[in-house]
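Chains as they are written, first to last, in the numbering used here: chain Z, -8 to 284; chain S, 96 to 721.
FYI, nobody ran anything at the bench for these hints, they're computed from the structure. These numbers come from a predicted model, not from an experiment. There may be inaccurate statements among the hints.
[Claimed, not checked] Here's a subset of chain S near chain Z, in silico, CB distances under 8 Å, partners left out: (1) Q143; (2) K438; (3) L520; (4) W562.
For each residue, glycine too, the CB sits at the ideal point set by N, CA and C.
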Amino acid sequence: MTIAVKKMRNRYMQSTQHGASMKRAAKIRMITAAIVMTWFAIGQAARIDRIDIYDKADNHLLFATFAYDSTGANIGRSVFTSDSTFLRTTTFQPSGTGVKETSVDFNNSLVFATTTAPSAGGTAFSTVDQFGMDQFGGAMTATQSSANNYDISQNTTVVCKEQYQFGADGTLNRINILDKSGSLTYYALVTPTTGALSPVGATPGRASLISANRGRVNAVFSLVHSGRVCVEAFTLTGRRAAVLVDKMFEGGNHAFAVSVFGQGGSRFPNGAYVVRLTIDGVTAVSGKMLLER
Amino acid sequence: MNPKYLLTVFLLLMCISLSNAQTNAIQIVPPGLLPEILAVNRDLETAQNPKYLSPTALIVSPDKQSIFIAEQTAKQVVQLTCATNAITRTMLMPNEPTGLAISKDGATLYVTCASDRWPAGMVCVVDAATGKVQKRIPVGHMARSPVLSPDGKTLYVCNWFNSDVSVIDAVAGTETGRIHVTREPYASAITPDGATLVVTNSLPDQKATDTAGIACKIALINTATKTVRASVPLPVGSHSLFSVCITPDGKFALATHLIGRFTIPATTLSGGWIHSNNMAIVDIANGNLANDVELDNTNQGFANPWSIGITGDGKYVGVLHAGSNTMTVIDLPQLLVKAQAGKDLSHDFTAIYGIKTAIDLTTKGSRALAMIDNKAYVAGYFSDSLEVVTITGLTGFTYAQCALGPNKPMNGERQGEFNFTDATLCFQKWQSCFSCHPFTRPDALNWILNTPNSTPKNVKSMLYSWWTPPTSWAGKRPAAGGIDGSIRSGIQAELFLQPNEVIAAPLDTFLMRLKPVTSPHLVKGELSASAVRGKAVFATIGCNQCHPAPLYTDKSFHNAGVVDPFDANTQWDTPSLIEAWRTSPYGHLGSYENIADMIQLRAHSLGAAQLSAQDLSDLIEFVSSL
Chain Z
-8 MTIAVKKMRN RYMQSTQHGA SMKRAAKIRM ITAAIVMTWF AIGQAARIDR IDIYDKADNH
52 LLFATFAYDS TGANIGRSVF TSDSTFLRTT TFQPSGTGVK ETSVDFNNSL VFATTTAPSA
112 GGTAFSTVDQ FGMDQFGGAM TATQSSANNY DISQNTTVVC KEQYQFGADG TLNRINILDK
172 SGSLTYYALV TPTTGALSPV GATPGRASLI SANRGRVNAV FSLVHSGRVC VEAFTLTGRR
232 AAVLVDKMFE GGNHAFAVSV FGQGGSRFPN GAYVVRLTID GVTAVSGKML LER
Chain S
96 MNPKYLLTVF LLLMCISLSN AQTNAIQIVP PGLLPEILAV NRDLETAQNP KYLSPTALIV
156 SPDKQSIFIA EQTAKQVVQL TCATNAITRT MLMPNEPTGL AISKDGATLY VTCASDRWPA
216 GMVCVVDAAT GKVQKRIPVG HMARSPVLSP DGKTLYVCNW FNSDVSVIDA VAGTETGRIH
276 VTREPYASAI TPDGATLVVT NSLPDQKATD TAGIACKIAL INTATKTVRA SVPLPVGSHS
336 LFSVCITPDG KFALATHLIG RFTIPATTLS GGWIHSNNMA IVDIANGNLA NDVELDNTNQ
396 GFANPWSIGI TGDGKYVGVL HAGSNTMTVI DLPQLLVKAQ AGKDLSHDFT AIYGIKTAID
456 LTTKGSRALA MIDNKAYVAG YFSDSLEVVT ITGLTGFTYA QCALGPNKPM NGERQGEFNF
516 TDATLCFQKW QSCFSCHPFT RPDALNWILN TPNSTPKNVK SMLYSWWTPP TSWAGKRPAA
576 GGIDGSIRSG IQAELFLQPN EVIAAPLDTF LMRLKPVTSP HLVKGELSAS AVRGKAVFAT
636 IGCNQCHPAP LYTDKSFHNA GVVDPFDANT QWDTPSLIEA WRTSPYGHLG SYENIADMIQ
696 LRAHSLGAAQ LSAQDLSDLI EFVSSL
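Let's have the full structure, built from the sequences with the hints guiding it.
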C-alpha cells in the first residue's frame, strides 16, 4: 500500500511539471488507481480462502476453509486436520444481536454451537456441545486491548490473547495465539481469496475450493438437500475447457479432488483458467487455477 | 479537480477501506474460529478447564542420563534429567502422545500420537538433540506402543482400533505393511534377538456366552515372516491387557491383566470374587502360557495392573497398579521357577507369598514405568508427578518424588475420571469402575450383578449412557444420575461403598461429558461410499425407527429376538449405535460376535432378510461408521 501511494505521489509530482494535458491524464490515472486499490483492499481482506493452524513448534495441526454468500459475507467454514481429514462444517445464523455458529460432523450431527454477541467492552461468546453443555466452563469475552490485539477473558481473567497481523496491502495474513503471559502458543497463516467469488442469488448449499492449481481441484461443499453439482474449468476468455464433475449428490457434506488430466485436460495449454462450482445451476464458488505441467 | 483534494479523498478512501477490510476480516476469526479449535481440542486453558499433563509413557535414553515422558493431554514430550529430576526440554507434538521408542544411539525419538478426537495415528520422528519433529509417518487408528527392533531398522506400532500392527521401515520412514491381530492391540515388546514381537490384545473377541473360553489372547509375531506364529489364550475371563515386557534372557513375556469371575453372582469382593489382578507368563519359544499368577493378597486387591518393568540386574519385576496406586515387586528368578513347576497359579493367592511385596505410591493413576538399573520411575497420570523408587530387595525401598508441573486442582470432569479409575474407593481395593468398564467401554463379558433376580447381562458402554436412559438392559437402573441411578447404585453394589456426593457428583460430570472416538471405518472423516449407501438402507428397512439419529436409540424397550435361557423378559433397552464398531459382542447377552449376525437376526430387523449381499454389506459399513 505504501509503495503504491508513493508511486501515485510521484506521478502527481510529474504531472505538475508537464502541462495541463499531462495533469488531466494524471488525474484520470489517479482516480482509476484509487478505485482499483479501494476494491482490492476490500476484496482481498474481506475474503479468506483458508487458514492454517500451527503450534509454536511449526507443527501443522489444522486448516479451515471458508464459504461466502452472494454479498461476499462469510457464512461458514469447514475444518480439517493436517492430513485433510474432515472434522466439521460450521454455518452462521443471526441470533439476536449476535451470531450463532453451528458445527456439524460428517453425518450432519451437531458437534457444538458457539454463540457470539456484543457485550460491554467486547464480544461475548460461549460454546456448547450437542447436549448444551458449556465447553469452556463459562462464558468468554474477546476484548480489543489495542490495535489488532485482543484479550480472551473468562470472568475478567485473561486466558489467552490474539494478535492480528496485516500485510502492507491491509490483508490479514497471520493470527498469533498467545498465552496469558504473551508467549506464542499457536499461530494461523491466512490465505486470502484466490479468485473473485461471484455467487449469484441464494444457493441450496455452500462450497469452498480448498485448492485449485496445477490442473487439480480440491473442493468441499455441503448441500441442504440433494442437488446437481457441476465443476467446470473455463479459459479466461470464457470458453469452457473441461467439465470436471457433473453429478447428483445427496444432501450433506462432501469433498472431492479431481484433475483436468482425467477430463481431456491434456489438450489444454498451460495458463490460467477459472474453475466454477455450481449447485443446481447456481454458482457457489469460483476461483482461478493455474495449469502448468 | 484539484489533485491535492483528489489525493486527500483517495487517502481517506484507503483508510476507510482498510478499516472496513480489517473489521471484515476480524469478524471471521475472533472469537469464533480459534477458540473453537482450541476448546474442542482442550488446548485452551481456563480456570475451569486447566491443562493437565497426564504422563502416560516413559522411555529411558540409552545413556541412562535422562527419561523422556509422554504427557498425553498436554500434547507434549518432556525430557527429564535423572541427576537433578528436572525437566530440561519440552517438545510439542501435533497430537496426544501415546507411546515412545528411542534409537540405540539416542539420536532419534519415535512418538506415536493419536487422540479420541483425532484418532488418525502418526509416528512423529523427533530429533532428540533439537526436540524438533522431523517427519510424521501416518499409521493406523489410535496408534500406540511403538517398539524398535534391536537393529534399529524396523519400528512396530499397535493400531489399537484397527486391530493390527504397523510395520515401519525406520530408515526410510515409511509404513511397509500391517499384521492383523485378534482385537485391540494395546501393548507390545520385542525379544532381545528381534525374532519375536509380543502383542497384547486388550479385549476378548468371542461371544460373551462362550463362558468356557472367553479370554484375551497374546500374539507372538514372527518378525521375519511378519505373521502371527502363536495366539496364546489367557485364563478364562482375562481382559484389559495393558502392558508387556520380556525377561532379559528373552524366554518369557510377562503381561498384566484382570481376570473377571463373571460366571458367579457379583455379591462380594474378598478373595478376588469379582476380579483378581494377575500377570501372565508366556513361554515365547513354545508359544504357550507357562503360567499366570495372582498379584493380590487374600484380603486385599491391587487393582488395575498396568505397566511392568524389570530391574537392570534382572532380579526384580515391578508391576504398577493404576487403580490401587501400588507397585508389586517380585523376585523374578524365583517367580520363573514357580511358574514352570507345573501348577496353575492363576487363582492361588499364596503362590508367590514370600517372593513379592506391594508398596504404596504417591502417584495417582500410576500407568507408566521405566527402570534404570535398580530405580523404578513411576509416572502418575492424574497426579502429574513422578515417583522414583529404589529397589534393593523386597524390603528397604527408598523413595523420591518430583512434580512434572504446577499443581492444578482437578476440575469436576478430571476428578470424575480419576474416581472412575480409583480402586482406593473400593472395599479392600479390589477393583475400580474401570475394571468392568475399561475406558468407560465394555469389557466384553457377561456379569451377574449384585441386584435381586439378576441374570447374566453383557456389560454396556457408558458412552452417552447419561443421555440415553435407562442405563441397564432391563431398566432396573432408570438413569445414570440420581439416587437410584447407575452411578450411585454401582458405587454401592460394585465398589461396596456407601455412595456420597463427593465421589458421585464428579462421576456424573465425567460420564455426561464422554465423547465418542471417531470410527476407523470413516474415510478421511467422512462416510465411505459404501456407508453412504448403507445409510439409505438403514432408513429404507426401518432401522431408524428404533435407532433414530443422533444417538441412534429410541430409549425404549423392544424384543430384538435374542434368545435368553436365563431371563423370562423379552423386552430390552435399545442401545445406542454410536461406537457400535468397538462394542462387540452384541445383544443383552453378548451372544452375537459381530454386527452382521445381529442385523440378520430375523426378529431384530425383518427387512434385513430381503437385503442383497451388497445392501447388507453397505448397512454394516454404515452402522460400523457411527
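Structure-based check of all given hints:
The beta carbon of Q143(S) is positioned within 8 Å of a beta carbon in chain Z (closest approach about 3 Å), and the interface hint is therefore held. Violation of the interface hint for K438(S) is found here, the shortest Cβ-Cβ separation to chain Z being roughly 52 Å, above the 8 Å cut-off. Of the supplied interface hints, the one on L520(S) is violated, with its beta-carbon coming no nearer than about 25 Å to a beta-carbon of chain Z, more than 8 Å. Nearest Cβ of chain Z to the Cβ of W562(S): about 6 Å, under the 8 Å cut. The hint holds.
Comparing the model with each earlier hint shows violations of hints 2 and 3; every other hint is respected.
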